[in-house]
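Novice: I would like the entire structure built from these sequences, with the hints used as guidance.
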Amino acid sequence: MEFIHDFSAILVATCRDVLPIILLITIFQTLVLRQSIPHLRRVIVGGVYVVIGLALFLAGLEKALFPLGKIMATQLSDPAFLYGTDKIVLQADWKAYGWIYLFAGMVGFATTIAEPSLIAVAYKANEVSAGTINQWGLRITVAIGVALGISLGTFRIVSGTPLYLYILVGYLIVIVQTIFAPKSIIPLAYDSGGVTTSTVTVPLVAALGLGLSATVPGRNPALDGFGLIAFASLFPIITVMGYAQYMHWMTQRKLKIMEKRNAL
Amino acid sequence: MITSLIFKKLKNALTDLLPIILVIAFFQIVVLKQPLPQMGDVLFGALLVVAGLSLFVQGLEMGLFPIGEAMAQALARKGSLFWLLSFAFALGFSTTVAEPALIAVCSEAAEIACQGELIDSSRESLRQYAFGLRMSVAFSVGLAILIGIMRIIRGWPIHYLIIGGYVVVMLMTIIAPKEIIGIAYDAGGVTTSTITVPLVTALGVGLASTIRGRSPLLDGFGLIAFASLLPMIFVMGYGLLIFG
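For the record, the sequence lines run as chains F and P. For any residue, its number in our numbering is found by taking its place in the first sequence, counting from 1, and adding 3. For any residue, its number in our numbering is found by taking its place in the second sequence, counting from 1, and adding 5.
Keep in mind that the hints were calculated from the coordinates and are not lab data. Some clues are possibly wrong.
Heads up, simulated BS3-like pairs for lysine-lysine below, C-alpha to C-alpha not over 30 Å straight-line [unchecked claim]: (1) F:Lys263 to F:Lys186; (2) F:Lys98 to P:Lys183; (3) F:Lys98 to P:Lys38; (4) F:Lys186 to F:Lys259; (5) P:Lys38 to F:Lys73; (6) P:Lys183 to F:Lys73; (7) P:Lys83 to F:Lys73; (8) P:Lys16 to F:Lys73; (9) F:Lys186 to F:Lys257; (10) F:Lys98 to F:Lys73.
Listed next, the stretches of chain P that the computed footprint assigns to chain F, with coverage defined by at least 3 CB atoms under 8 Å from CB atoms of chain F [stated by the list, open to error]: (11) 66-75; (12) 132-140.
For glycine and all other residues, C-beta sits at the position ideal for the given N, C-alpha and C.
Specialist: Structure below.
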């Protein structure tokens with residue numbers, strides 16, 4: 004009974020998310036374009052699937068994974084777990100937080116694989132590139148980027164170093180890569196930064212950031228708890244471009260070897 | 006035939022979810038050395054997630070992608086730049102302004118600004134600050150989609166615009182109050198919701214494949230990138246305007 008109540012609350016919230024889109028499309032169709040939508044019935048059924056699917060997805064996460072993930076984030080960042088119960092810690096030692104970095108990275112990877120908006124973008128990229136961009140290849144590359152980003156982000160919270168330095172260095176890497184990466188991957192790489200952080204990743208990562216900054220001695224949740232999302236949206240750009248560069252380099256090398264062989 | 010199709014979709018969704026299950030089980034059992042609590046709840050929830058994800062992907066293929074592309078093509082055929090750009094702005098603004106994640110971040114940001122004694126602690130000023138922040142983010146996302154659509158039409162190379170944006174972000178970081186920087190950086194990530202992303206992607210790809218001389222891969226993508234960059238600039242700008 005309680006579950007049905009929770010589920011209907013989530014369903015209503017999802018419908019409210021879709022409402023502006025429906026209004027906008029209806030207004031434009033009737034007032035500006037003045038024509039009917041092709042395969043209207045199919046589109047409506049698809050829209051209903053999206054809303055119900057997303058609501059089920061979120062309800063399941065709320066029920067199973069978020070509570071567990073949030074509890075684990077606080078347990079792992081508990082000083083009693085990290086340093087042992089008998090020690091009083093005044094100064095955070097960044098070396099004691101190994102499990103946190105690993106947990107952050109793995110949670111980042113796992114949640115990104117399940118992220119519905121990334122699935123959508125990977126699907127579209129595969130279709131548009133006529134199959135040269137592999138869906139799983141793109142999703143795993145992005146997930147590795149998020150994992151690296153969030154790991155580094157937790158290190159930043161523990162060590163208390165300023166956020167803008169990391170972002171600045173990240174931007175510089177992106178700029179240098181943009182010069183050398185194959186042109187066709189650049190727009191997709193830039194996009195993959197934004198799509199990684201939605202329904203699955205944000206709640207877990209935010210809980211981790213706030214939990215960590217509340218328990219690490221000398222950190223202020225208000226100032227240090229933010230910034231993990233920024234890491235998670237910057238690093239996939241780097242890994243996606245890096246992967247494209249690597250693939251490009253490999254094909255070039257193969258071509259060269261083939262040419263040599265032919266010359267002989 | 007249909008059952009095998011459904012089975013395949015469910016299997017795909019299960020693969021998507023598997024890493025999360027493995028990570029949580031590993032840390033719970035090996036690192037924290039605790040049994041998994043409420044196994045029944047967890048399994049039931051995982052089942053819902055798998056079913057929901059399969060339904061969502063099916064809905065994408067049937068509804069969200071076709072409608073996005075149909076709108077892009079219809080608007081391009083109409084040939085009115087004004088209506089195309091209005092649609093772009095309205096789509097960005099309306100899907101962001103009521104986004105629950107954004108509302109949550111904005112009220113949190115108001116608390117922080119209050120602790121940092123940047124605004125006074127009356128409820129009215131907190132509400133006003135959060136509302137202003139929310140409006141600037143929603144406006145910036147609308148503007149981002151508009152600029153992105155302009156880029157597709159004109160064929161501007163994306164990297165000049167994005168790198169230019171990075172430079173602006175860095176310059177503003179130097180002068181913006183430090184209480185707003187973390188939130189500004191995060192604002193870029195939280196704005197793009199699960200329903201907006203597929204729709205915006207389909208819009209861009211649909212438009213790029215309609216306009217002659219544009220490639221869907223080179224020009225169709227990139228809208229999300231603008232939507233995560235511009236909010237950073239606008240949130241820091243809002244901070245400067247209010248406190249500067």
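Novice: Determine for every hint whether it applies to the structure shown.
Specialist: We went through each hint and held it up to the structure:
Taking the CA atoms of F:Lys263 and F:Lys186, the gap is near 27 Å; set against the 30 Å cutoff, the hint holds. At roughly 27 Å between alpha-carbon atoms, F:Lys98 and P:Lys183 fall within 30 Å of each other, so this suggested pair holds. Restraint check for F:Lys98 and P:Lys38: satisfied, since their Cα atoms lie roughly 21 Å apart, inside the 30 Å limit. A hinted pair counts as satisfied when its Cα atoms are at most 30 Å apart, and F:Lys186 with F:Lys259 qualifies at roughly 21 Å.
As the CA atoms of P:Lys38 and F:Lys73 are separated by approximately 16 Å, the hinted pair is consistent with the 30 Å bound. Between P:Lys183 and F:Lys73 the CA atoms are separated by roughly 28 Å; this keeps the pair inside 30 Å, and the hint holds. A hinted pair counts as satisfied when its Cα atoms are at most 30 Å apart, and P:Lys83 with F:Lys73 does not qualify at roughly 50 Å. Among the hinted pairs, P:Lys16 with F:Lys73 is consistent with the structure: their alpha-carbon atoms are about 27 Å apart, no more than 30 Å.
Proximity of F:Lys186 to F:Lys257 is assessed by CA-CA distance (about 20 Å); at most 30 Å being required, the pair is judged to hold. At roughly 23 Å between alpha-carbon atoms, F:Lys98 and F:Lys73 fall within 30 Å of each other, so this suggested pair holds. With 8 residues carrying a beta carbon less than 8 Å from a beta carbon of chain F, the region 66-75 of chain P meets the three-residue requirement, and the given coverage holds. Coverage of a stretch by a chain is defined here by at least three residues with a beta carbon nearer than 8 Å to that chain's beta carbons; for the region 132-140 of chain P and chain F the count is 0, and the condition is violated.
When the structure is compared with the earlier hints, violations turn up for hints 7 and 12 and for no others.
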